[in-house]
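Position chain S relative to chain V; hints supplied.
As given, the protein sequences belong to chains V and S, one line each in that order.
One point on numbering: in this note's numbering, the residue at position 2 of the first sequence is 42, and numbering is uninterrupted.
One point on numbering: in this note's numbering, the residue at position 141 of the second sequence is 227, and numbering is uninterrupted.
Honestly, the hints are just simulated from the structure, not real lab data.
Quick reminder that beta carbons are idealized off the backbone N, C-alpha and C, glycines included.
Take every hint as true, because none was put in to throw you off.
Every beta carbon over 10 Å from chain S, so not counted as near; a handful from chain V, in silico:
(1) Ile74
(2) Leu100
(3) Leu128
(4) Val144
(5) Ala173
(6) Ala201
(7) Ala225
(8) Ala227
(9) Pro325
(10) Leu328
Here are some, though not all, of the chain V residues that point toward chain S, as calculated from beta-carbon distances under 7 Å:
(11) Ile46
(12) Gln47
(13) Asn50
(14) Glu153
(15) Gln258
(16) Gln303
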Amino acid sequence: MAFLTIQILNSLLYASVLFLIAAGLSLIFGVMRIINLAHGSLYAVGAYVTAWLVGRGIALGLPSGWLFLLLPFGALSVALIGIVIEPLLLRPFYRRAEEYQLLVTFGLIQILEDSIRLIWGGTPLSADALMDALPIIHVGGLLYPAYNLVVIGIGVVAALALWVAIYHTKFGVMLRATSQDRRMASALGLNVGLVYVMAFGIGCFMAGLGGAIVVPTQAAVLGMGIDALVIAFVVVVIGGLGSLKGALVGALVVSFVRTAGIQFFPELELAVLYLIAALVLLVRPTGLFGTA
Amino acid sequence: MEKTTPSVNRRAFLNTLGVTVGGTGLIGAGLVGGSQLLKAAQDPAKGRVPDTPFKTGHMTFLTGAGAVLGEPSIKGHTMAAEEINAQGGLLGKRKIETITADEAAGTDACVKEVRRMKLDAKIDMFTGVISSGTSPAVGPVAEELGLLTILTDGCTDFLFDKAIPNPKYVFRITNIQSSDGITAAIGVAQTWPHVRKIAHIHPDYAYGRNAYEHFTLALERLVPGTEIVSESWPKLFTTDFTAHITKIMSAQPDLLVASVWGGDYVAFYKQALRYGLFDKMKVASTIAFGVAPHAIGKDHPEGVLAGVHSNYYFTYPGGDRWPLNKSFVQRYFKRWNEYPNFQSEGAYMALYLLKSAIERANKLTGGWPEDEAIISQLEGIGIDAPSGYLYMRPDHQAYKDAVTGFSKNLPGYEFASWDPARIITIPIRNITAPLGWPKPGTTHNESTAAANWIKTTWPKVVG
Numbered sequence: 041m042a043f044l045t046i047q048i049l050n051s052l053l054y055a056s057v058l059f060l061i062a063a064g065l066s067l068i069f070g071v072m073r074i075i076n077l078a079h080g081s082l083y084a085v086g087a088y089v090t091a092w093l094v095g096r097g098i099a100l101g102l103p104s105g106w107l108f109l110l111l112p113f114g115a116l117s118v119a120l121i122g123i124v125i126e127p128l129l130l131r132p133f134y135r136r137a138e139e140y141q142l143l144v145t146f147g148l149i150q151i152l153e154d155s156i157r158l159i160w161g162g163t164p165l166s167a168d169a170l171m172d173a174l175p176i177i178h179v180g181g182l183l184y185p186a187y188n189l190v191v192i193g194i195g196v197v198a199a200l201a202l203w204v205a206i207y208h209t210k211f212g213v214m215l216r217a218t219s220q221d222r223r224m225a226s227a228l229g230l231n232v233g234l235v236y237v238m239a240f241g242i243g244c245f246m247a248g249l250g251g252a253i254v255v256p257t258q259a260a261v262l263g264m265g266i267d268a269l270v271i272a273f274v275v276v277v278i279g280g281l282g283s284l285k286g287a288l289v290g291a292l293v294v295s296f297v298r299t300a301g302i303q304f305f306p307e308l309e310l311a312v313l314y315l316i317a318a319l320v321l322l323v324r325p326t327g328l329f330g331t332a
Numbered sequence: 087m088e089k090t091t092p093s094v095n096r097r098a099f100l101n102t103l104g105v106t107v108g109g110t111g112l113i114g115a116g117l118v119g120g121s122q123l124l125k126a127a128q129d130p131a132k133g134r135v136p137d138t139p140f141k142t143g144h145m146t147f148l149t150g151a152g153a154v155l156g157e158p159s160i161k162g163h164t165m166a167a168e169e170i171n172a173q174g175g176l177l178g179k180r181k182i183e184t185i186t187a188d189e190a191a192g193t194d195a196c197v198k199e200v201r202r203m204k205l206d207a208k209i210d211m212f213t214g215v216i217s218s219g220t221s222p223a224v225g226p227v228a229e230e231l232g233l234l235t236i237l238t239d240g241c242t243d244f245l246f247d248k249a250i251p252n253p254k255y256v257f258r259i260t261n262i263q264s265s266d267g268i269t270a271a272i273g274v275a276q277t278w279p280h281v282r283k284i285a286h287i288h289p290d291y292a293y294g295r296n297a298y299e300h301f302t303l304a305l306e307r308l309v310p311g312t313e314i315v316s317e318s319w320p321k322l323f324t325t326d327f328t329a330h331i332t333k334i335m336s337a338q339p340d341l342l343v344a345s346v347w348g349g350d351y352v353a354f355y356k357q358a359l360r361y362g363l364f365d366k367m368k369v370a371s372t373i374a375f376g377v378a379p380h381a382i383g384k385d386h387p388e389g390v391l392a393g394v395h396s397n398y399y400f401t402y403p404g405g406d407r408w409p410l411n412k413s414f415v416q417r418y419f420k421r422w423n424e425y426p427n428f429q430s431e432g433a434y435m436a437l438y439l440l441k442s443a444i445e446r447a448n449k450l451t452g453g454w455p456e457d458e459a460i461i462s463q464l465e466g467i468g469i470d471a472p473s474g475y476l477y478m479r480p481d482h483q484a485y486k487d488a489v490t491g492f493s494k495n496l497p498g499y500e501f502a503s504w505d506p507a508r509i510i511t512i513p514i515r516n517i518t519a520p521l522g523w524p525k526p527g528t529t530h531n532e533s534t535a536a537a538n539w540i541k542t543t544w545p546k547v548v549g
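Pulled out of the complex, with its shape left as it was, chain V reads as follows:
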């Protein structure tokens, strides 16, 4: 039973991070109708910035508890990048055909991935001091790092906060109005440009937060953004692009199916996620919670 408990926790851990990435991707698509291929790389930037900050913090002799305060900075730095690139790089392409948007964001992947390598090099960066600052819990003879529970907690809090922000605040109303009809929202006096920057910034913040909280459990490695992007696409294909609920359900489905695959059908680990995605596409081409 202990194994089952741990596997459920493992799935929730993976789902938390996936949700943060996919929710940002979905939010950006929902508001701006743009598929940001560089979203995974922004997640990687969050991981690298956090690992680098933690490394600096340790070098400066910060006590390990204080290192936790660095996590938001990893996410904020990515939000900052988002606030800069949305108006400068992406906005001129909203009225163009999708191919242009894909090309621009694909180019952005290359720029971000190369920047990561130029700044931090090819060697993996770790931030495991954060993980070791918290105890290891015993679950029926097995070990489970308490830090992983923190990651799960942050995922839950982020989901709630995003839900409140979108459905229960004035900003959320503006966001949804812009999403439904940009020209009408603009005619009614909404500052659509500001809404766009905010939405893109929040989406990037989510990706950066995903990277920030995952890096102490693994390491920041080259290519992590590409891997994350592919899986995030599976999540939004299953859940429905543009839907917050879809991102949540998609992340949970992907995580639990992947864990079940690993546990019971190791040969199919690669295939099983894409099988599920294909099945969903056949039955509901817009995803479980997608519209349009």
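Quick look at chain S alone, frame taken from chain V:
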């Protein structure tokens, strides 16, 4: 076939394989007599040699997850070129110029790039390649173009078994892939002959499959009676291993065999450590310490069989016993402020192998030798390398003693390295199919010549 194989005692069989522990190996070393690498070309080149640059194209992972191995590769290549150029270049005249290509562009793009480098950029030689997916794709193209090539990795058996069974222009300096799994199996048989329940975790592509197959084949003969209790096949470049780790632990194996590499391995061991995996079982890896040495943290557990692709680790041969390695490591550290890995050494040696062959060919023919003359000198060449003695078989596959070791935290390094007292070396000829052994698709249909050779000739040991 089993019925014909006699029963042999394990210890005796490991002895016949020439397995040595504790780094007393260096079998066959020094046959050439002293380190030749850095000797300036004392004899001036014969005949007229042009002073036009010698262009090499070096392909490796410049971006993406593979760059963790690509960076050391380019650094090794660059350092060798700088050293040779500082002595005036090849034959004292031709400076080496390098253009690079990114292997991360994908197989098709790599093939196009090799063509472009030869036809457009007019390279004289092609080097590099890391992935076992790339080498069988670019190898035949290099043959077709008549492009002198020394692959520094891309170690799949498939390249010379099937893709280019009779190479003319393509050489490969790294040990064959199958020797990775076999070396790990020998390390296990030597150290932990009592393991029975085995778990596996390998990246789901050619390298992981090959490691699994050859480890299992060899272990069946060296430690009969083991059973595989768990298998995991994570996607290459995965970083979340929590579900795999819990699955492995739920199977309660005695031994975990892993061929996860690069950043994947760093992420894997950090997670496995916190889940207590290393306390519950032995761990044997084919390539754990294959990354740049400083990528492994001080938190890496000790006593793990931490393979290096059976090629090279910078502390072996250690001390003053093999000055060539000592000075190579010192120069590399001075140049790059880090220690070399097997990619660095392979890429570095590829250029020295070329240099050596060119000098020999020049002695015979005078002037700048034709490719054919260089090739005939490369075939069968023996040369001292930082890793020990390197021999290029006439069939273009290089041979160097396989080496593996156990992780230990030594005070001198800021990362976990190898226990100097427990380094295992094996003469490569004893764990690879010999020259001329039937290739797959001829008299047998095993996946590799090595697999057929083991099945046909290795006994199952007793005791």
